[in-house]
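Using the sequences and the hints given, assemble the complete structure.
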Amino acid sequence: MNEEKKINIVLAGQGNSGKSAIFNYLTGLHQHIGNWAGKTIEKAEGTLFYRDHTIDVLDLPGIYSLTTLSDEELISREYIIKQNPDRVINVVDSTNLERSLIFTLQLLELECPLIIALNMTDLAKRKGITVDSKKLQGLLNVPVIATVASRGSGLSKIIDRVIDMKPCKSTRKIHKYGKEIEQGIEKISNRLSGIDLPYPLRWIAIKMLEKDGDITALVSERKPEAVDEALRIAAEIEEIHGHDSPLVIADERSLLASRITRETVRIARDRKLSLNERLDALTTHKVTGYLLMILILGGMFLSVFSFGNWFSEQLDSVFSGLHKWWNASVGTTFWPALGWSAVESVLALVQIAFPYIFPFYILLHVLEDWGYIARISFLMDKFMHKMGIHGKACISFIIGLGCNVPGCLSCRIMESRRERFITAVLVTLVPCSAVSVIVFGLVGKYVGLLWALGLYVFAMILIFIVGKISSKLMIGEPVELIMPMPDYKTPQIRTILSQTWDSLKEFIYIAAPIVIVSGIVIQAINLAGWMPAIASVMSPVTVSWLGLPAVTGILLIFGILRKELILVMLAAYLGTTNFNEVLSSTQMITLAVVSMFYVPCVATISVLWKEYGWKKALVITLAETAFAIVLAGLVKRGLDVFMV
Amino acid sequence: MKFDQIIVNMSNGMHHGHEAGERAGGVSLAGLEDGQTGVIVSVTGGKMLTKRLADLGITAGKEVKVIRKTLFSGPVQVEVAGSKLVIGWGLASKIMVEIR
Chain A
1 MNEEKKINIV LAGQGNSGKS AIFNYLTGLH QHIGNWAGKT IEKAEGTLFY
51 RDHTIDVLDL PGIYSLTTLS DEELISREYI IKQNPDRVIN VVDSTNLERS
101 LIFTLQLLEL ECPLIIALNM TDLAKRKGIT VDSKKLQGLL NVPVIATVAS
151 RGSGLSKIID RVIDMKPCKS TRKIHKYGKE IEQGIEKISN RLSGIDLPYP
201 LRWIAIKMLE KDGDITALVS ERKPEAVDEA LRIAAEIEEI HGHDSPLVIA
251 DERSLLASRI TRETVRIARD RKLSLNERLD ALTTHKVTGY LLMILILGGM
301 FLSVFSFGNW FSEQLDSVFS GLHKWWNASV GTTFWPALGW SAVESVLALV
351 QIAFPYIFPF YILLHVLEDW GYIARISFLM DKFMHKMGIH GKACISFIIG
401 LGCNVPGCLS CRIMESRRER FITAVLVTLV PCSAVSVIVF GLVGKYVGLL
451 WALGLYVFAM ILIFIVGKIS SKLMIGEPVE LIMPMPDYKT PQIRTILSQT
501 WDSLKEFIYI AAPIVIVSGI VIQAINLAGW MPAIASVMSP VTVSWLGLPA
551 VTGILLIFGI LRKELILVML AAYLGTTNFN EVLSSTQMIT LAVVSMFYVP
601 CVATISVLWK EYGWKKALVI TLAETAFAIV LAGLVKRGLD VFMV
Chain B
1 MKFDQIIVNM SNGMHHGHEA GERAGGVSLA GLEDGQTGVI VSVTGGKMLT
51 KRLADLGITA GKEVKVIRKT LFSGPVQVEV AGSKLVIGWG LASKIMVEIR
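Line by line, the protein sequences are chains A and B. For the first sequence, the numbering used here assigns the number 1 to the initial residue and increments by one for each residue that follows. For the second sequence, the numbering used here assigns the number 1 to the initial residue and increments by one for each residue that follows.
Worth double-checking, as some hints may not be accurate.
[Unchecked claim] Negatives, chain A to chain B, calculated, CB over 12 angstroms:
1. D52
2. I163
3. P224
4. G331
5. L363
6. Y456
7. I465
8. I469
9. P491
[Unchecked claim] With a straight-line Cα cutoff of 20 angstroms, these simulated SDA-like cross-link-like pairs (lysine to any residue) come out:
10. A:K386 x B:S93
11. A:K211 x B:M48
12. B:K65 x A:R266
13. A:K82 x A:R266
14. B:K47 x A:W310
These aren't lab readings, by the way, just hints derived from the structure by calculation. Using N, Cα and C, we set each Cβ at its ideal position, and we do this for glycine too.
This is the structure:
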């Protein structure tokens, strides 16, 4: 390929600025888009062919700064500097220009070839905000192009600009700080001249005044005298301003962003309360907010499960016909039976994925794209704080109600490792749709719906207690919630479908292979006739402690694969789906409690392994199993007293 | 207005010089009522925290409006730097403001 016709560009911008939408539009790849900040966690790459050029596009994580050293910010900064992209497209949210510009100013300091995509101009217009892009272009001295990423407008203009832009070595005006800082920067830059680092000198000097640990360490290896100089100047600045020098610089940058915004943005003020604001007031209100939240989530949950039960029954009759056909035409001896177990695993996955998980995620992503999920985080923050995490963890919990696999993966939105881990542990205790199938199919149907709902309340209390304990055990300061509140917007069907597919894909790609393979292994053990032996080994726990039939030992082993199997196989082993003939109410509740909290299913364990290492995955698995057994035994004893 | 003029104005208009102790009569963001507006006087707290806030435009001299608070000293929804943010209670009580 012709070297000159290859261009690589990077999309950089703050969370929720529409970067992912631009990326998707350009490359056709489905990058997950959500209506809350911080969605892109790993960088995504794609390629675009345009006007005889091959353009590699990279979507960086949504970050707010190039200075606070979170992993994502570090990765982004290193990428922009070291990979030396031909162009950096800074996606700017025109409804939040001031905040976006703080980041833009930092990109300008990096002296990379910048183009600004002034995005969401349609939303801005609706809010009565007009941005003078010509003036902005004049002030910043970089191309500014208005875009509406969701419709793709303005994007070809950007790519045209990318191709036509001359490879410039910055001759642009650079924004200046206050006098003493500028003098400091100059002095440090002079000391730095000739240093062997791939960064612009002015930028290094600024970072040193911002006390950036990384950069300071790099410089001290090469020119320790420059570090001394920077420390001296920082002390001077602190003397003058009475603040830490990084804060002084951040303040000045932030005020500059204010001023540029004031110069370029006109807001029509005299509008009456918009629908968005009224809706926001209602859904975040001290009373109606919580009522609506219970209504919305409860409605979503109940409608998914009543639809799921109906759909699942339809599938059941189809699949049982298929099983009869298999037995008749393939056979029932060892190998055909083993083959059927593989088929059955796939069918069972289908039976949980389509009736329950799929509609659940459709509704969840409607709420997310609409902007409601951020409101839940707001309403629940205080409650979450009691567990040592903050409001954003709610998102993972709700996702976990569908399936714990994407639930655990979504914990990446939490800022620190500590928060991430606590949230993941708690998510494994959230009753996923498979567990809900058991709770409703067993307890809800035969003991009473109130008992089933009671189990959910019980699960919530338990999660709260475990959260409280683990936040005490895990050392470290809890991170406070700082979250941009998105505006409500009309959910886009295309976005919702592609997001739902992404969540489902995690379930299918991660869960399915493990479930199918271990399904075959367990079936082989079963066919070899070892199960009764295993059941009797487990009987001290299942029979003596939990008061369940010995056969449940086998069920709990199968349940590691997928928890809803416990119910399916219970019917098979006991020879009836009329469970109240063979199990007492106490037994049903006890079985439901064990199923809810013991071993997170094998797919969830594998995610924990991947994210936190095998040791932690093992500890969580063993601890939860022991915990569930102890708990269920206690519940049984409690029920024995009350339910006679 | 040209860029350089903005800069001149900027250096004149800085709001520094408030020591942490100068809180007489000061109120924190968490102490504002729904709908009240204040100008940020100082942000106390760890370096990472103040940086994180600064990245979002929460710095001394900025005007900030409390849109609403939740029950039981929960997070505070504010409008600052032209955008809406949710800030945890603990953080909001570290942001000192002067009521407008």
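Hint check results:
With a least beta-carbon separation of about 37 angstroms from chain B, D52 of chain A lies farther than 12 angstroms from that chain, consistent with its non-interface assignment. Non-interface call for I163 of chain A relative to chain B: holds, since the shortest CB-CB distance, roughly 28 angstroms, exceeds 12 angstroms. No beta-carbon of chain B is positioned within 12 angstroms of the beta-carbon of P224 of chain A; the least distance is around 23 angstroms. With a minimum CB-CB distance of about 62 angstroms to chain B, G331 of chain A clears the 12 angstroms threshold, and the non-interface call stands.
L363 of chain A, annotated as away from the interface, keeps every beta carbon of chain B farther than 12 angstroms; the closest lies near 23 angstroms. The claim that Y456 of chain A is not at the interface with chain B holds, since no C-beta of that chain comes within 12 angstroms of its own (minimum 22 angstroms). With a closest Cβ-Cβ approach of about 19 angstroms to chain B, I465 of chain A is found to remain outside the 12 angstroms limit, as its non-interface label requires. Remark: the non-interface label on I469 of chain A is consistent with the geometry, its nearest Cβ contact in chain B lying 21 angstroms away (cut-off 12 angstroms).
The Cβ of P491 of chain A lies farther than 12 angstroms from every Cβ of chain B, with a closest approach of about 19 angstroms, so its non-interface assignment holds. With a C-alpha separation of about 18 angstroms, the suggested pair K386 of chain A and S93 of chain B falls inside the 20 angstroms cut-off, and the hint holds. Of the pairs offered as hints, the one joining K211 of chain A and M48 of chain B holds, with about 11 angstroms between alpha carbons and a cut-off of 20 angstroms not exceeded. A C-alpha spacing of about 19 angstroms is found between K65 of chain B and R266 of chain A, which places the hinted pair at or below 20 angstroms, so the restraint holds.
The hinted pair formed by K82 of chain A and R266 of chain A fails the criterion: a straight-line CA distance of about 38 angstroms is larger than 20 angstroms. Proposed proximity of K47 of chain B and W310 of chain A is contradicted: the alpha carbons are some 55 angstroms apart, above 20 angstroms.
Hint violations for this structure: numbers 13 and 14, all remaining hints satisfied.
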